[in-house]
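If you want the building blocks of each chain, they are given just below.
There are 2 protein chains.
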Amino acid sequence: TTGTGTHLLETINNSDANIDDIGTYDDFHTIDWLREMSRNRLRHRQILYRKKESFFRTLKGLHDAWSGWLVVLLVGLAAGTCAGLIDIVTKWLTDVKLGTCSGKFWLNQESCCWNSHTAEPSGTGCSEWKTWATIFGVENTLIFASLAALLVKMFAPYACGSGIPEVKTILSGFIIRGYLGKWTLLIKSITAPLAVASNLSLGKEGPLVHIASCCGNIFAHLFPKYGKNEAKKREVLSAAAAAGVSVAFGAPVGGVLFSLEEVSYYFPMKTLWRSFFCALTAAFILRSINPFGNSHLVMFYVTYNKPWFLFELVPFALIGALGGLYGAAFIHANLAWCKFRKNSKLGNYPILEVVVVTFITAAASYPNPYTRIDASMMIAELVKECGPVMQNNLLVKISQRCQSFSNLALALLFKGIITVFTFGIKVPTGLFIPSMGVGAIMGRLIGVGVEQLVYNYPDCALWKTSCHAGHSCVTPGLYAMVGAAATLGGVTRMTVSLVVIMFELTGGLQYIVPLMAAAMFSKWVGDAFGNEGIYDGHIRLNGYPFLDNKEEFTHTTLATDVMRPRRGDQPLTVIEQEGMTVGDLEHLVRTTKYNGFPVITSHESQQLIGYLYRRDLILALGGQMARLNVIVETPINSLVYFTLHAPTPSLGGANDPVPLRLFNIVDLSPITVTDHTPMEIVVEIFSKLG
Amino acid sequence: TTGTGTHLLETINNSDANIDDIGTYDDFHTIDWLREMSRNRLRHRQILYRKKESFFRTLKGLHDAWSGWLVVLLVGLAAGTCAGLIDIVTKWLTDVKLGTCSGKFWLNQESCCWNSHTAEPSGTGCSEWKTWATIFGVENTLIFASLAALLVKMFAPYACGSGIPEVKTILSGFIIRGYLGKWTLLIKSITAPLAVASNLSLGKEGPLVHIASCCGNIFAHLFPKYGKNEAKKREVLSAAAAAGVSVAFGAPVGGVLFSLEEVSYYFPMKTLWRSFFCALTAAFILRSINPFGNSHLVMFYVTYNKPWFLFELVPFALIGALGGLYGAAFIHANLAWCKFRKNSKLGNYPILEVVVVTFITAAASYPNPYTRIDASMMIAELVKECGPVMQNNLLVKISQRCQSFSNLALALLFKGIITVFTFGIKVPTGLFIPSMGVGAIMGRLIGVGVEQLVYNYPDCALWKTSCHAGHSCVTPGLYAMVGAAATLGGVTRMTVSLVVIMFELTGGLQYIVPLMAAAMFSKWVGDAFGNEGIYDGHIRLNGYPFLDNKEEFTHTTLATDVMRPRRGDQPLTVIEQEGMTVGDLEHLVRTTKYNGFPVITSHESQQLIGYLYRRDLILALGGQMARLNVIVETPINSLVYFTLHAPTPSLGGANDPVPLRLFNIVDLSPITVTDHTPMEIVVEIFSKLG
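Chains as they are written, first to last, in UniProt numbering: chain A, 1 to 690; chain B, 1 to 690.
Quick caveat, the hints were computed from the structure, so don't treat them as lab data.
Derived lysine to aspartate or glutamate pairs resembling EDC-like cross-links, with alpha carbons at most 20 Å apart: (1) LYS270/A / GLU532/B; (2) LYS228/B / ASP64/B; (3) LYS339/A / GLU353/A; (4) LYS464/B / GLU451/B; (5) LYS306/A / GLU451/A; (6) LYS270/A / GLU261/B; (7) LYS270/B / GLU532/A; (8) LYS153/B / GLU353/B; (9) LYS339/A / GLU532/A; (10) LYS306/B / GLU451/B; (11) LYS270/A / ASP527/B; (12) LYS270/B / ASP527/A; (13) LYS270/B / ASP64/B; (14) LYS342/B / GLU353/B; (15) LYS225/B / ASP64/B.
Based on the sequences and whatever the hints tell you, model everything.
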């Protein structure tokens with residue numbers, strides 16, 4: 001009958017926890033925002049209180065106040081550096097795929113030929129630059145892709161995919177240990193350039209958000225204020241996500257809005273300002289590294305000479321609607337394919353899948369000049385006015401093919417299909433660039449169509465006043481830009497951040513109305529076919545708990561219906577303030593699976609006192625016994641009490657009651673709702689208060 | 001003993017309320033966000049439910065779904081049109097002040113001389129343009145200013161001031177009837193140009209936010225979805241505020257961020273997107289009206305040829321710190337002056353005050369070329385590279401005075417002081433332009449100083465590498481821009497929205513880092529001298545209830561301490577579910593001043609059932625009696641019950657109990673906290689849930 005707490009202690013030892021861990025969370029659990037916030041306030045108050053004690057304490061308080069800025073500065077620096085390095089390595093790998101610089105293998109083609117005296121004036125190469133004797137360069141892409149998949153599989157399984165769905169889940173208050181760790185950071189930073197260089201239909205923009213979040217997580221651990229408080233840590237992670245988008249597109253404002261609109265859950269105004277600082281620092285560092293070789297912060301810098309006209313809003317809306325359609329179709333197809341992969345044997349051969357997809361991509365994309373070149377370079381070409389482009393010894397004169405309908409249409413078809421199968425393979429896969437690529441092709445096609453229409457029927461009332469005869473008043477490049485925004489909007493269902501990112505990406509304020517129109521129609525049409533974006537879809541697919549604070553719920557049930565145990569479930573349990581024994585509690589922990597238990601005065605008058613977390617209860621029981629050196633002796637029928645004073649010991653008499661209150665583990669401020677509260681209000685409280 | 005409900009009915013008649021008014025609010029009361037939200041959900045569900053009934057209902061449902069977009073579209077159109085008209089009228093008034101076009105009084109100087117053949121090549125005037133024979137043009141400014149003050153005093157007292165503090169208070173859930181009405185809109189639209197034209201140190205940007213909010217309020221009333229629900233109405237108002245900033249500065253993104261950061265309280269993601277749409281529509285309309293005569297959406301369009309260098313961050317930070325200092329000083333001085341005005345006899349002579357301030361401004365500003373011209377034109381000049389400027393027959397060759405330290409310093413001193421006395425007089429007074437003006441002068445001064453420093457000491461290690469000898473590598477115009485951002489930030493304590501507005505205002509993405517640095521230092525230095533911006537200060541001064549959801553509270557008390565009646569207060573009261581009579585309730589209403597009462601089962605077991613608003617109780621009591629035709633007969637000792645079924649009538653016997661539950665007035669879903677909840681969590685719940 002002297003059953004000890006050993007069972008409980010085992011549980012504790014298994015999870016490597018000690019008494020200090022009270023208030024931490026298990027893996028794959030959600031955090032309690034309110035509790036974290038009040039813990040932070042307590043800590044803050046302690047610092048303020050101790051400030052007067054000594055100079056050292058004052059300094060410590062100052063450090064604490066500054067650490068918020070310091071950590072986002074560090075994250076911004078790290079994210080900018082990572083992005084710069086990744087850009088440079090990607091460029092180098094893209095060239096190494098095709099050849100090497102004799103004697104100086106670390107130089108890419110441009111740098112190699114820069115110092116050479118034998119450079120051909122057309123810029124197609126030099127004698128120092130040795131092109132591999134390969135067919136199509138397919139062998140190297142296969143090596144890159146399988147290397148990336150192997151690294152991911154061996155060292156950091158979390159490094160695959162885009163990472164945005166998981167970052168979103170983590171920011172909403174879920175714990176996934178190791179997802180933002182240093183191994184993930186390292187492997188993802190190495191494999192992202194490999195994946196991009198292997199010419200797969202993917203981008204490094206989504207992974208950059210994940211990488212920046214890893215930086216945020218790592219630096220947050222340097223400061224106890226952030227590392228030890230899950231809610232505060234998420235402030236840093238929000239800022240890091242903003243920095244990720246900022247470096248991915250050179251769009252600091254868009255990054256902050258992306259973080260606010262798409263990924264973040266808890267976003268006080270203070271965080272907004274720090275996120276902006278973080279995003280700007282990162283963008284500034286990236287600009288200083290200057291990986292694109294031009295001093296523009298933006299990726300696709302365009303300046304059109306011609307304004308747009310009001311009648312063009314019709315084709316822009318059409319592009320938007322098509323983008324929304326594509327987005328809906330893509331989401332459905334990709335989710336179906338991912339589900340199939342998950343449930344079939346295909347999921348067991350990730351490397352083989354990568355190799356096959358790479359091979360198909362390489363073989364199918366070579367014949368077409370639009371798919372042969374890098375996707376982001378293709379977009380940059382499409383949004384420009386026509387002109388020649390040079391990459392990798394191939395002087396791809398897109399200018400000659402500007403009107404080449406068939407090539408563009410083929411590229412559209414191929415890109416649209418292969419991306420469905422690519423997003424989700426076990427290498428870092430970003431979705432921004434492929435989506436934008438598809439949209440840019442589509443937009444360009446429609447733009448050329450409208451141009452021809454206007455040219456052939458100059459007397460139509462719609463454009464007669466705007467376009468003077470003989471002048472071409474339609475800019476197909478603008479249509480490509482609008483198309484890119486439309487498909488990206490259709491796939492991710494972003495709105496404001498999308499428009500701002502596109503606006504920063506192109507640097508043109510006067511084209512914000514067309515972008516807005518396309519984004520609106522894209523969102524409307526997309527939402528008509530299903531309300532969730534690709535990230536929400538993947539969150540649902542992976543079964544992460546995510547309470548969307550943007551959706552409106554239409555539950556008609558009352559709280560009392562939901563909080564009733566379902567048939568076959570365990571009954572709801574409570575802890576009484578006095579009168580329960582250690583054995584009772586242990587039994588409670590062992591037989592139920594609830595995350596916590598309400599503490600009430602007694603079963604007769606059900607006055608609520610507080611709330612006790614399961615994990616804290618386990619730790620406290622174990623720790624309590626360890627501290628009292630009574631591990632063996634504490635009898636299972638010791639009374640446990642949560643009141644401030646021990647109850648009169650006349651009840652049991654045999655054993656000293658165990659004062660669990662000492663540990664401050666009972667949350668004395670639970671919020672309660674009455675049983676008639678409609679479920680929608682409960683959901684609102686959950687989502688607003690965390 | 002047959003005391004009737006006449007006293008209560010009187011209360012009702014006085015406030016023009018009837019039984020349908022249950023769920024509305026009194027003037028100067030705060031709204032219950034959660035209740036409004038659930039009312040909206042109920043309405044939404046009813047529409048969904050009825051949708052299947054008939055085609056008309058389907059159409060109605062569709063209209064309801066679209067009305068959200070329709071209303072922001074209308075608000076955007078109206079705000080854009082208002083802004084365009086105000087801009088045009090301002091321009092015309094500014095010219096009429098000095099002269100008139102013979103025969104065509106509605107033309108301003110430029111238009112008048114456009115058609116003239118006698119125009120002088122220098123553009124200084126034409127024979128058709130008759131200049132008034134006045135000294136300094138002071139007479140007309142006095143007429144304008146006193147006319148504006150008179151109109152405000154007679155027709156719409158709410159039209160004075162900037163309006164932003166009040167809009168902020170209203171958005172946080174406070175009711176100020178008539179503040180956003182059509183009279184305010186009309187009078188403010190007329191008086192804002194008059195005030196600007198009278199050369200006072202004020203801008204029309206703040207009033208534009210108020211005017212746009214009025215448009216939002218008026219259009220919201222056209223749609224029952226928004227007009228009848230205070231929470232939903234605030235969504236439209238948020239969008240309208242964004243549109244206001246958008247048209248004031250031609251900065252749609254900045255407007256949305258301003259609305260999000262500065263004025264709004266409740267801002268779901270759906271609102272963000274609609275606000276953006278609204279802001280963009282307004283900006284687009286304004287661009288189509290084209291009041292500035294150039295096709296740029298932006299006010300101070302600048303393109304600098306020279307980049308900025310890293311060492312310049314030091315003066316930028318200095319400018320930021322000075323801006324923060326100025327902001328703190330301005331806030332203190334202005335609040336002190338407003339308090340003095342409020343408490344002294346000065347407050348009784350608003351028109352005299354306006355006239356005096358106008359006279360002093362006009363007399364003091366004439367000798368200095370910087371203060372003589374329009375403030376926004378002065379800023380536009382200061383942020384540019386040096387060049388000639390022409391306005392109102394005065395060819396103000398600022399280019400010659402580009403280095404004129406003394407004039408600039410005098411202008412700085414004068415502007416800085418007069419603005420303190422101007423902001424708060426009884427005409428529409430915006431604060432953006434004067435603050436930016438002060439900052440632009442300060443920045444320009446420092447910029448010229450740095451330029452001289454670099455020029456005279458070209459060998460200093462700091463800038464030796466960046467600046468080649470003989471070249472001027474410092475752009476004083478950029479310093480002026482940074483200075484404008486710094487003072488604006490110091491006064492309003494905006495952060496992200498400030499940087500984005502400045503960035504959109506100037507159209508230069510590469511100067512975002514200097515702007516950010518200045519805004520950060522300005523905020524830090526300003527916050528060191530007092531945490532509140534000018535708007536929060538005025539909210540506090542006017543005694544509006546405003547729970548800032550951005551601040552962190554550091555209460556250490558528990559809920560139980562706060563909810564205890566203070567010494568001398570009435571005791572806390574509750575309503576029992578059964579057993580209270582009409583007389584008891586009437587007595588309760590008459591003797592207490594609480595806004596509502598908790599409803600409990602009985603005094604013995606204090607189980608909470610719901611919450612009853614005072615106003616609803618009064619209405620229900622009155623309505624109940626009116627409905628039963630028992631106004632005279634309902635005896636004061638009738639039992640009142642809130643349960644679903646009438647209690648057994650064996651208790652009183654004499655009178656039928658009154659079923660108050662019928663009206664659905666008891667809010668059955670109150671949220672409760674335990675008495676040990678720390679006050680900070682209570683505050684957090686209050687601010688998050690509204």
